[in-house]
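There are 2 protein chains.
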Amino acid sequence: MSVTIREVAREALVSVATVSRVLNGKGPVHADTAKRIRKAAKRLHYVPHGGARSLITRRTTTLGVLLPELYGEFFSELIRGIDVCARRKGYHLLVSSSHSDRAESEEMVRAMRGRVDGLIVLSPDVRPHTLKANLPEHFPVVLVNTAGGPGAFDSLAVDNFGGAVEMVRHMVGLGHRRIAFLQGPAANRDASERLRGYRDAIGEQGHAEDAVEIAGDFREESGYEACGRILSMKRRPSAVFAANDSMAIGLLCGFQEKGVRVPQDVAIAGFDDIPIARYVTPPLTSVRVPIAELGARAADLLVAGLEAGPGRRRHRETLPTRLVVRSSCGESDGPSWRSASGTGYG
Amino acid sequence: MSVTIREVAREALVSVATVSRVLNGKGPVHADTAKRIRKAAKRLHYVPHGGARSLITRRTTTLGVLLPELYGEFFSELIRGIDVCARRKGYHLLVSSSHSDRAESEEMVRAMRGRVDGLIVLSPDVRPHTLKANLPEHFPVVLVNTAGGPGAFDSLAVDNFGGAVEMVRHMVGLGHRRIAFLQGPAANRDASERLRGYRDAIGEQGHAEDAVEIAGDFREESGYEACGRILSMKRRPSAVFAANDSMAIGLLCGFQEKGVRVPQDVAIAGFDDIPIARYVTPPLTSVRVPIAELGARAADLLVAGLEAGPGRRRHRETLPTRLVVRSSCGESDGPSWRSASGTGYG
DNA sequence: GAAGTGTGTGTAAACGATTACAGCGACAGA
DNA sequence: TCTGTCGCTGTAATCGTTTACACACACTTC
Numbered sequence: 000m001s002v003t004i005r006e007v008a009r010e011a012l013v014s015v016a017t018v019s020r021v022l023n024g025k026g027p028v029h030a031d032t033a034k035r036i037r038k039a040a041k042r043l044h045y046v047p048h049g050g051a052r053s054l055i056t057r058r059t060t061t062l063g064v065l066l067p068e069l070y071g072e073f074f075s076e077l078i079r080g081i082d083v084c085a086r087r088k089g090y091h092l093l094v095s096s097s098h099s100d101r102a103e104s105e106e107m108v109r110a111m112r113g114r115v116d117g118l119i120v121l122s123p124d125v126r127p128h129t130l131k132a133n134l135p136e137h138f139p140v141v142l143v144n145t146a147g148g149p150g151a152f153d154s155l156a157v158d159n160f161g162g163a164v165e166m167v168r169h170m171v172g173l174g175h176r177r178i179a180f181l182q183g184p185a186a187n188r189d190a191s192e193r194l195r196g197y198r199d200a201i202g203e204q205g206h207a208e209d210a211v212e213i214a215g216d217f218r219e220e221s222g223y224e225a226c227g228r229i230l231s232m233k234r235r236p237s238a239v240f241a242a243n244d245s246m247a248i249g250l251l252c253g254f255q256e257k258g259v260r261v262p263q264d265v266a267i268a269g270f271d272d273i274p275i276a277r278y279v280t281p282p283l284t285s286v287r288v289p290i291a292e293l294g295a296r297a298a299d300l301l302v303a304g305l306e307a308g309p310g311r312r313r314h315r316e317t318l319p320t321r322l323v324v325r326s327s328c329g330e331s332d333g334p335s336w337r338s339a340s341g342t343g344y345g
Numbered sequence: 000m001s002v003t004i005r006e007v008a009r010e011a012l013v014s015v016a017t018v019s020r021v022l023n024g025k026g027p028v029h030a031d032t033a034k035r036i037r038k039a040a041k042r043l044h045y046v047p048h049g050g051a052r053s054l055i056t057r058r059t060t061t062l063g064v065l066l067p068e069l070y071g072e073f074f075s076e077l078i079r080g081i082d083v084c085a086r087r088k089g090y091h092l093l094v095s096s097s098h099s100d101r102a103e104s105e106e107m108v109r110a111m112r113g114r115v116d117g118l119i120v121l122s123p124d125v126r127p128h129t130l131k132a133n134l135p136e137h138f139p140v141v142l143v144n145t146a147g148g149p150g151a152f153d154s155l156a157v158d159n160f161g162g163a164v165e166m167v168r169h170m171v172g173l174g175h176r177r178i179a180f181l182q183g184p185a186a187n188r189d190a191s192e193r194l195r196g197y198r199d200a201i202g203e204q205g206h207a208e209d210a211v212e213i214a215g216d217f218r219e220e221s222g223y224e225a226c227g228r229i230l231s232m233k234r235r236p237s238a239v240f241a242a243n244d245s246m247a248i249g250l251l252c253g254f255q256e257k258g259v260r261v262p263q264d265v266a267i268a269g270f271d272d273i274p275i276a277r278y279v280t281p282p283l284t285s286v287r288v289p290i291a292e293l294g295a296r297a298a299d300l301l302v303a304g305l306e307a308g309p310g311r312r313r314h315r316e317t318l319p320t321r322l323v324v325r326s327s328c329g330e331s332d333g334p335s336w337r338s339a340s341g342t343g344y345g
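For the protein sequence lines, the chains are A and B, in the order given.
If you're matching positions, the first sequence starts at 0 in numbering that gives the first Met the number 0 and goes up one per residue.
If you're matching positions, the second sequence starts at 0 in numbering that gives the first Met the number 0 and goes up one per residue.
No lab work stands behind these hints: they were computed from the structure.
Note that the structure is a prediction, hence the values are computed from the model and not measured.
Please note: incorrect hints may appear among the correct ones.
If chains are identical, the list can't say which one is meant, so a pair holds when it fits in one copy or spans any two.
Keeping only pairs whose Cα atoms sit at most 25 Å apart, straight-line, the calculated DSS-like set for lysine-lysine is [as the list claims (entries may be wrong)]:
hint, residue 1, residue 2
1, Lys131, Lys34
2, Lys25, Lys41
3, Lys38, Lys131
4, Lys233, Lys257
5, Lys25, Lys88
6, Lys41, Lys131
7, Lys25, Lys38
Work out the full structure, taking the sequences as your base and the hints as a guide.
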């Protein structure tokens with residue numbers, strides 16, 4: 000069906016070797032011959048076959064990316080970060096989203112062999128053991144925000160724990176004592192680290208009995224639904240810290256719909272600092288996660304790994320998060336919620 | 000470095016052909032032999048080399064996706080739609096975002112040869128001519144929201160025009176006469192179709208002198224910035240129709256910051272109906288674009304095309320949009336903006 | 001017992017590229 | 001004239017699979 004190097008060679012009256020040399024700019028070729036070959040290639044719309052080439056060169060110049068089921072702005076941004084960096088270094092991206100099913104993730108990993116030079120795994124579902132078992136030895140892998148394990152692979156993480164601690168301290172500093180935490184999915188690594196940070200910081204204050212944990216799943220809707228549960232509590236929290244921005248926005252919406260004012264009646268904070276966070280009303284106080292950098296760094300690390308060869312030492316890194324104060328938690332100077340009753344609002 | 004089928008064959012004391020047969024489930028193989036082979040394969044962590052396999056089978060079971068520079072929730076959702084559908088049909092995804100540079104897009108297209116069975120092009124920058132010149136003949140391609148042209152490829156679009164017309168009519172029905180339009184990037188196909196719909200619908204009302212067009216670029220920030228320009232107008236519009244939701248949210252934020260109430264003082268509408276649209280305050284009236292379906296349909300079409308072979312007729316399709324009325328434009332019963340002065344607010 | 005019918009397995013030729021190696025002029029130096 | 005070098009080009013092996021074909025053997029069936 001499609002044109003091969005052989006046909007170009009025939010058209011230009013040379014051997015395939017010479018065509019290859021011209022198209023790859025290697026070896027000495029007479030200028031006239033080269034010109035004739037280039038013309039023939041263009042005329043026939045010749046495009047080299049990537050698969051065939053990678054078979055012999057043992058390089059695909061492609062990076063594989065394994066995504067989790069859960070999408071959203073976060074992953075969009077992350078992939079963008081990876082993509083920009085990968086392209087700059089001359090690599091393509093083979094993206095695949097894994098399924099909840101373990102057999103399917105395995106299948107995905109296997110499908111990558113021979114199509115990519117290395118793998119970036121963003122999916123916490125995929126266990127290191129699965130990777131080990133389904134990849135050739137010394138295959139370069141970078142784990143992002145994954146449960147790490149014994150450290151067979153390079154890994155990259157975001158300081159979810161530290162960010163959560165900082166946020167709780169910020170809220171406490173604003174005078175809040177009863178701070179609820181709206182959790183993410185139990186299996187999610189980010190979610191559990193943020194929860195751990197929350198618990199730690201609350202414990203630090205010495206009144207763990209004020210901890211309130213509410214189930215959520217990272218989607219807007221679960222934030223929206225949490226409002227009802229919060230409003231029906233006997234001792235209502237004066238602040239809610241959501242494990243991500245999407246849920247925080249759901250909360251915001253739910254409260255406002257019920258006439259509960261934010262931040263006057265209840266303070267709200269999120270996590271991730273997604274672009275839209277500054278554009279909701281009131282702008283959301285959040286923890287900034289350098290998402291695109293995270294992606295770029297992962298790509299960097301992977302490329303470094305596969306260019307250095309198998310002898311390289313394991314590398315692990317944690318990217319810092321940063322508290323971003325906007326108005327959804329009120330200002331530290333004269334917050335009106337302080338004058339509200341300690342236990343109820345709305 | 001990595002284990003090949005030959006080593007598995009040696010380990011299991013059979014020929015490579017038999018190994019291949021077992022691993023692909025083709026041809027009759029003795030149960031004992033099969034078991035021995037499977038064991039050897041597992042022991043050696045054998046994973047078949049995708050490139051080599053696709054070379055001979057002439058199939059990669061991979062779909063290529065060409066993205067534009069601009070990302071965001073829209074593309075995230077679109078890719079998800081493609082991914083779900085592709086996976087269901089047994090295909091992988093090779094994603095590549097094109098650069099503004101034409102040479103680079105060309106490079107991208109070429110890199111796809113031999114790595115994918117077909118291409119979904121979401122990037123309006125890539126011209127059909129470029130595709131023709133850099134792809135083998137009869138290569139299956141589906142164009143999404145692209146300027147179509149003479150129709151050499153399958154193509155899929157969203158009824159941006161119809162959606163914009165519907166929105167303007169809705170606003171007019173609510174009593175608005177002076178409706179501003181916040182434009183998207185000039186080069187963007189969706190943006191220009193929406194603009195065309197706006198102009199058409201405004202003209203339909205017979206008072207084209209009330210048309211106000213403001214430059215924008217689809218990002219939140221440009222919506223936020225537009226507020227200032229709108230507020231400084233001599234004859235202010237009573238409603239603003241943004242070419243997408245991100246800008247509408249920027250507008251919302253900007254107006255509220257300046258004490259302009261939405262929808263009482265000014266009505267706002269967006270386009271796309273991104274998930275977050277219902278969670279801002281007030282919830283955003285928008286035009287629903289079936290993004291995930293658009294992606295899924297594109298994958299569908301592509302798979303159909305490459306399974307049918309080259310003889311298939313060109314297929315083009317337009318997916319309908321749907322008006323989603325929330326409260327950012329006010330209710331049709333008793334909107335308070337009607338009592339406001341016709342020319343100013345705030 | 002000869003011929004036919006399966007089953008199970010191996011041999012070797014593809015697929016489309018890259019590249020080591022060899023060959024062939026031409027030309028320079030001895 | 002012989003030899004060595006250099007520039008250009010062709011031959012053929014190679015990468016890791018799949019698969020058409022052939023072959024060996026064990027059964028039926030006449």
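Quick rundown of the hints versus the structure:
Proximity of Lys131 to Lys34 under the C-alpha cut-off of 25 Å is restricted to the inter-copy arrangement: shortest distance 22 Å between copies versus 48 Å within a copy. In this assembly of identical chains, the alpha carbons of Lys25 and Lys41 lie at most 25 Å apart only when taken from the same copy (19 Å versus 40 Å across copies). In this assembly of identical chains, the alpha carbons of Lys38 and Lys131 lie at most 25 Å apart only when taken from different copies (17 Å versus 47 Å within one copy). Only within a single protomer do Lys233 and Lys257 lie at most 25 Å apart by alpha-carbon distance; the minimum there is 17 Å, versus 37 Å between protomers.
Proximity of Lys25 to Lys88 under the C-alpha cut-off of 25 Å is restricted to the intra-copy arrangement: shortest distance 21 Å within a copy versus 41 Å between copies. With identical chains, the CA atoms of Lys41 and Lys131 are at most 25 Å apart between copies only, with a shortest distance of 12 Å across copies and 44 Å within one. For a Cα distance limit of 25 Å, the shortest separation of Lys25 from Lys38 inside one copy, 18 Å, qualifies, whereas the shortest one across copies, 44 Å, does not.
In summary, the structure agrees with every hint in the numbered list given earlier.
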